[in-house]
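Here is how the chains run, residue by residue.
There are 2 protein chains.
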Amino acid sequence: MYISGIGRTEFGFSKQSLPQLIYKAIYEAIKDSPISIEQIDAIFVSNFLSGLCDNQLHLNSIVSSLLPELKIPIIRIETACSSGATALYQSLISMPHYRNVLVVGVEKMTHVDNIKLTGHIASASDRTLDQEQGLIFPANYALIAQQHFQRYNSTHEDLVLISYKNHQNANLNPLAHFNYKKVTMEMIENAPLVAAPLTLFDCSPISDGAAALVISDKRTSSRDIEIIGMGIGTDFISLSQRKELTSFEATKIAAKKAYDMAKVGPEDINVAELHDCFTISELISMEDLGFCKPGEGKYLVREKRTMIKGDIPINTDGGLKANGHPMGASGISQVYEIVMQLRKEAGKRQVQNANLGLSHSLGGIGGTSVVHIFRGE
Amino acid sequence: MYISGIGRTEFGFSKQSLPQLIYKAIYEAIKDSPISIEQIDAIFVSNFLSGLCDNQLHLNSIVSSLLPELKIPIIRIETACSSGATALYQSLISMPHYRNVLVVGVEKMTHVDNIKLTGHIASASDRTLDQEQGLIFPANYALIAQQHFQRYNSTHEDLVLISYKNHQNANLNPLAHFNYKKVTMEMIENAPLVAAPLTLFDCSPISDGAAALVISDKRTSSRDIEIIGMGIGTDFISLSQRKELTSFEATKIAAKKAYDMAKVGPEDINVAELHDCFTISELISMEDLGFCKPGEGKYLVREKRTMIKGDIPINTDGGLKANGHPMGASGISQVYEIVMQLRKEAGKRQVQNANLGLSHSLGGIGGTSVVHIFRGE
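Protein chains in written order, with the working numbering: chain A, 1 to 377; chain B, 1 to 377.
None of these hints come from the bench; they were simulated from the model. Treat each hint with caution, since some may be false.
Said to hold, decoys possible - Derived contacts from chain A toward chain B, CB cut-off under 10 Å, selection only:
no., residue
1, Ala195
2, Asp235
3, Gln241
4, Pro294
Predicted model only: the values in this text are computed from it and were never measured. Ideal Cβ placement from N, Cα and C applies to all residues, glycine included.
Required output: the full structure, derived from the provided sequences and hints.
Next up, the structure:
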């Protein structure tokens, strides 16, 4: 299966409506693909919070309204922050029935009051075990960071390096939320605490945006990127139910499936997009995906190996941290970036000799994890 | 593909939590099937409003928490009130990859304030075109009823007959929301107006409940029911965008696909479950599914042909009207009833010579429509 077209909006603060964002991403993806909109056989739309943020569910019918000539299956997928990656996964599972499928993800959140929005986002965690205890997302990931620091002697300085790298990368990505912003090491080191040890620059922002992919069962042009591996894993929704806090079982399950299917290993990956909703999750995910042993992610960071010129560049688009994190779109925009890299169209942030790419997306605190592997020419 | 197990909870007012309802339905379906829970390869969970009613999204991870030994793909599907039927559709689309799949749908709403809940349910309609105009669901379906009465000379008395039939059927269904309630023609005829011409007894109730199905790629026992046809259609989300108010284009699309795949026609169907969120939608759906010509549904009703002893019995479980309408579960409980009928296990409400069954589910005001066709032995 191939990705024959990619499209996305700018991420950040948008005045466009949810349907307008969806339309823009679809338009860009179709424009980018040799496949026309009339050749699309089904659409998967991913979104996390439009019910809570806009009292707008039934997005599949919203998409149908935008494309009235198409009377095709359109289905909404939701698995919290991994909704986009899950929609891609489910579209690939469905491909024996279709020739071309469109996957589009969207989120619009910046218009919502911050305190309310924090509560909305907490809907990805367990109502009784987490929400009623006040265990919002920064607090959950702070617990994980504390455990990781204790167990492996990783430090907050490692997270600072991750944040700095991702902001530098976003400066090279014109569509990134923080493309405009020059962030220095000093700014990150002096950032206000959010939930110890995590500071403001450890946390991904609230962003609006949409992204879309055209998936085709046959190669449509030399710019197509092949999808060679996929996996999804699920786990307990609450940290309180788990034995292990310093890695995500769901990622290990998803990664094993994806590597086995692709017949490659982590050592073969040239460029990767990892789910850095918080910097600590980039660190842990490097370990869960096998880019290094457990606890050794810090060395990859310190040795600059995850920077664009390193041997395993991670989050070249700026990651969720600096590219932005419109949840329903994030898992799809990660794939957008991998396709740009494998096509050698990533411009100033191009990774040299990028042939195999990987994308990784988390729902909640690792209650869902999705991994895809891609091959360029 | 076969349905090898079915399970559901009682519908109505429940004190059980969302996860408890899910667990109960899964437990019953697995108990009913020769397939064990360890043999399940993937789960599709359908729900419409748990984000708005309980601030609980990421239900796939909730299901994973209930079944911690299974580290399998679990995905949430949402298409408003047709979520359950769409989850079944998507599970069937996915079957080339799996041997056994579980589909579970759930809704818990009765604890929510009625005015708030009316707003939540309106999230299935367009925020700008419908919600901001105050066009809540009873109003939308009232507009449709008015148009149908004008165009075809159908009357409110036809809707009264539909409501009466469904309440009578629910009296024969121990799991139905209104199983306990004796409803007379006088009660229905004298019911208070909700949105002219629709009265209280034209509207389905607010119900809690869950339902589940085990889908298997091969026959597992003589009680299995084969799924021989499926179709999904989508349409504009708002009535204001459509040319036609007295039928649903999405149903016609879904029905044609399902009939073509099953190689049967409407005249071959022995028993059907139709989406009667309002009595008018049962009438219109009979016509859209081809059980009669447009405008002639009223004759089927008046001639008692849709009653259990008629030649095309509809909503033998009481329908959404009287069995109840826990949205995320409704499309699945419809299939539960068809399986009971085709297995000849429906007891007092058993349809004689039921061999071919059909289920039909609507999202919103027909923005989504899903049809499945089933064959017994």
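Cross-check of the supplied hints:
no.: 1; hint: Ala195; verdict: violated, 20 Å
no.: 2; hint: Asp235; verdict: holds, 6 Å
no.: 3; hint: Gln241; verdict: holds, 6 Å
no.: 4; hint: Pro294; verdict: violated, 19 Å
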